[in-house]
Structure formats: structure tokens, C-alpha cells
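Here's the letter readout for the chains.
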Amino acid sequence: MRITKHPILGEDCEIELVTIFVDGKPIQAKKGEPIAAALLAAGIRKFRITPKDKNPRGIFCGIGRCTDCIMTVNGQPNVRTCITPVEEGMIIESQIGLGKWSDKE
Amino acid sequence: MKEIQIAVIGAGPAGLAAAIELAKAQGNVTLFDENTKPGGQLFKQIHKFFGSSEHLAGTRGYNIGKQLLRETEKLGVNVILDAPVYAIYPDKTISYSHQNREQAIKAEKIILATGATENALAFPGSTLPGVMGAGAAQTMINVHRVLPGKKVLMIGSGNVGLIVSYQLLQAGADVVALIEAAPQIGGYGVHAAKIRRAGVPIYISHTIQKVMGKNEVVAAQIVQLDDNRQPIPGSEKILEVDTVCMAVGLSPLTELAWLMGCEFAYIPQLGGHIPKHNHNMETTVSGLYVAGDITGVEEASTAMEEGRLAGIACAQALGLYDQEKAHTLKKEIWNRLNTLRTGPFGKIRKFAKDELLKISREGTA
Numbered sequence: 341m342r343i344t345k346h347p348i349l350g351e352d353c354e355i356e357l358v359t360i361f362v363d364g365k366p367i368q369a370k371k372g373e374p375i376a377a378a379l380l381a382a383g384i385r386k387f388r389i390t391p392k393d394k395n396p397r398g399i400f401c402g403i404g405r406c407t408d409c410i411m412t413v414n415g416q417p418n419v420r421t422c423i424t425p426v427e428e429g430m431i432i433e434s435q436i437g438l439g440k441w442s443d444k445e
Numbered sequence: 032m033k034e035i036q037i038a039v040i041g042a043g044p045a046g047l048a049a050a051i052e053l054a055k056a057q058g059n060v061t062l063f064d065e066n067t068k069p070g071g072q073l074f075k076q077i078h079k080f081f082g083s084s085e086h087l088a089g090t091r092g093y094n095i096g097k098q099l100l101r102e103t104e105k106l107g108v109n110v111i112l113d114a115p116v117y118a119i120y121p122d123k124t125i126s127y128s129h130q131n132r133e134q135a136i137k138a139e140k141i142i143l144a145t146g147a148t149e150n151a152l153a154f155p156g157s158t159l160p161g162v163m164g165a166g167a168a169q170t171m172i173n174v175h176r177v178l179p180g181k182k183v184l185m186i187g188s189g190n191v192g193l194i195v196s197y198q199l200l201q202a203g204a205d206v207v208a209l210i211e212a213a214p215q216i217g218g219y220g221v222h223a224a225k226i227r228r229a230g231v232p233i234y235i236s237h238t239i240q241k242v243m244g245k246n247e248v249v250a251a252q253i254v255q256l257d258d259n260r261q262p263i264p265g266s267e268k269i270l271e272v273d274t275v276c277m278a279v280g281l282s283p284l285t286e287l288a289w290l291m292g293c294e295f296a297y298i299p300q301l302g303g304h305i306p307k308h309n310h311n312m313e314t315t316v317s318g319l320y321v322a323g324d325i326t327g328v329e330e331a332s333t334a335m336e337e338g339r340l341a342g343i344a345c346a347q348a349l350g351l352y353d354q355e356k357a358h359t360l361k362k363e364i365w366n367r368l369n370t371l372r373t374g375p376f377g378k379i380r381k382f383a384k385d386e387l388l389k390i391s392r393e394g395t396a
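Going down the list, the sequences are from chains Y and C.
Here the first sequence is numbered in the working numbering, starting from 341 and rising by one per residue.
Here the second sequence is numbered in the working numbering, starting from 32 and rising by one per residue.
Misleading hints may appear alongside valid ones.
DSS-like, lysine-lysine: derived pairs with alpha carbons at most 27 Å apart [said to hold, decoys possible]:
hint, chain 1, residue 1, chain 2, residue 2
1, C, Lys97, C, Lys123
2, Y, Lys386, C, Lys225
3, C, Lys225, C, Lys79
4, C, Lys225, Y, Lys394
5, Y, Lys345, C, Lys79
Read the hints as simulated data drawn from the structure, not as lab findings.
Every value quoted in this text rests on a predicted model; they were computed, and no experiment measured them.
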């Protein structure tokens, strides 16, 4: 959920949008925001499944330290979504386990 | 290999302040940060700072951040963003990746201003999506303007827990409760009063037992603790929440200092293992300085002063300032640091910091 009005920060004036694809579904994201923020705004909180116990994970630290929020982005696994800005047409996939590199690499 | 005069690692309040001082002294300084934007954690601090006017009290954190960035730009500091530094070698060769390429650069002097990271608590369900650091929630609401959830349980009543609870309310979330294992509130009374006035219940002597949910948080169970901090059977409460935030302290990010072979001291009040350093913020490795939370977790205001101190000391070591000028500048900073480290909370930090300086001098512990 986006915070459009804020008592200290005022109204959100940054409205330039891009489209990203999350597990095949198009989602509107704010230009320059991290992938994790775009996903939370769209109500997606489960980002990946752990390799051994198959448990769900989402964001934990939000500043690129803990690597809990990693996903496969444009075919590259283990991308820290909390510090990677969205780009137009970006393809984001829930990461299963350690992830796989796409054949394009 | 490219050689530079001074490298500052981390563009938060300490690193920016260090780079500014070095640039003022005509030093040739390069500032590295792994993020795509500088400022560290300053831009999520939308509250007014405490202290006196010389510490920019009454100014909101993000405005202090903007001010530092303006100064950095005006002075022409070379800032390399999107550049995680992953290794530093004994000859001060710095390895970092930038734009998907591995790079190396050699520096004459290095200032580490890498900051800190949030601690985690482990309990059943603690890894579920929706359980996060309070700082993570703060980043999402104040920097990215996205709510990580609607109904929040906050764990920890230190200043981070109290301030982030208030900021979650400002962002439109419902803070269902704040719990604290200790029998008293940890942070400033003024922050606690603000969230109490807003109707948030604060449960002291309470801890979390588990978080329920399959794919994400749907509820949390808390329990009261007795005088020996053991759960009191029958006092369990289930709270309907979708988010659990942990504000249970921070730990300094010291990896690069360990890699450099710095000697460390263990100071629990400052967050754990801290690289030993002297009054000039220089570590046991000659020419390697530290500033900010890596030297013990404090606040942005002290981080900026320590950054300035490290910057000036480094400039002095390079001969950019004469002894007298450097001495005067450093004395002013120490006076400000000592003022910041007063009051019931500051006093504890001052004691710990003095202890650290003493250990560093004597070479024990």
C-alpha cells in the first residue's frame, strides 16, 4: 500500500511509473524505487522459498545487508531486491532455492 | 592500478562528514557506497534531532542529509555509488564491484564508515514474510513511502522501537502493541509518551513467543515475564497483526576492519566487537580510520562528529593541516562529542567510549 499523503513528508509528487513483470504479472512501479518497495506496494510479501526447508521469505533488513529478499531478476538469481531499483520491463521471478541462471547469460 | 589519496567507505552521516572535512583541507577524497543514493540511514529519519543548535537539533534527519549532500557536491568530492567494497588488502588495495565489473584501487589512507545492521531475534515464525527489522519498516515508509503492513507489533522499547512506532502511525499503519522484555521502557520518555497518547499500549515485561502464519504473518503470541524473565503460564495473548517489527539493537558492520587485521575490543554497550582506535579515530592499522556506528552504535549526530574528527586527523597525517590548526579543530569536535554524550543515555555511551579508548591505549582485552 502506497503512502500518498504524509503529515511530515507531504504529498507524494513522484509519479513517473514503469511496468515490471513479477512471476509473469505486470505491475506498476515508481521509477527508481527498489524492487522490494514495488512488490510491497502491490501487496506481495513472499519473495522466495528457501533451499532446504522450503520456507517463505520476504524483506528483513531493507538495506542490503541480510539477503533475505533475494529474487531472480532478468534471469540473474540472488539479486537483493531491497536495494536494486526497478527498470522498465524488468522481469522478476520468485526465487526457488538457490535459483537458476537463465540460458541467455 | 589506479592510486588515490583518501578513500572513505560508506556515504552515511559519518562518511559524508569525513569526506567534507577532507575536501575542505584540500585532500583528494573518493567516497564509496554500495547504494545508488548517498545519505545512508539519514533519509529515513524524519524526526527532529535532539541536542543543541550546534548539533543541528530541531532539524529533521533527512534535511541534514540534504545539507551534507549539497556540501559534498559543492566541494567536488568524488562519489562512487553502486560500488560495494568487498575486500581491502594490507597494502590498502580496495576491491569493489561497480556496474557489474570488478575494480581495484589503491589508497594512501582509508576511513571506514560502514555503519551498523539491525539485530534479529529468533522465535518460531521469525523468518515469515512480515517479520522485519524496525529499520526496514522505517526505510519502506519514510524513504519509499510504502507500508510493509497494516497492523504492526513492535518488539523493543528503545528509541528505535518508539520512534518507528510513531512513524508507522504517521504513515497510516495501526501499531497494535509495543512489547519490552525489560521491566521498564528503554528509550526516552518523550518518545514513549507520544505513542501512548496515540493509544498504543506498551507492555513491559513481555516477550514474543511465536508468530503464526503459513506464507506470511497473520498473528503473534506474546507472554508476560516474571522477575527472572521467565514466561508466566496463562498470561499468553494472541494479537492479530500482519507485521512484526524488531527493534532489538544494532551491531557494527566491521567485516572490512577484520579483513585489515585491526585489533578489536568487545564492548556490549556499543554493540559488540569494535575496532580499537585512538582519539584520532585511527585503528591499530596505521592509516586506517573508523567513524560512526562501526566504532560503537550511537546516533547520526555523533556519527557526523566522529566523521569530521577522522577526516581532520587524516588530513593532519597527510600534512594538509599543521599541528596547531588540527589540534584546535579536533578539540572543538571533542567538546561537541562530550556534550552529545551526556544525559542518562549519553552517559552510558560516554563511559563505554572512554573504556574503549582506554583499552585501545593499553592494548588489553
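27 Å Cα cutoff - pair C/Lys97, C/Lys123: Status violated; Cα separation ~31 Å.
Restraint check for Y/Lys386 with C/Lys225, where alpha carbons must lie at most 27 Å apart: violated, 33 Å
Restraint status (C-alpha distance of C/Lys225 to C/Lys79 at most 27 Å): holds, 14 Å
Distance restraint between Y/Lys345 and C/Lys79, which requires alpha-carbon spacing of 27 Å or less: Status holds; Cα separation ~19 Å.
Given hint Y/Lys394 paired with C/Lys225 - CA-CA distance at most 27 Å: Roughly 41 Å between the alpha carbons, so the hint for C/Lys225 and Y/Lys394 is violated.
Checked against the numbered hints given earlier, this structure breaks hints 1, 2 and 4; the rest are met.
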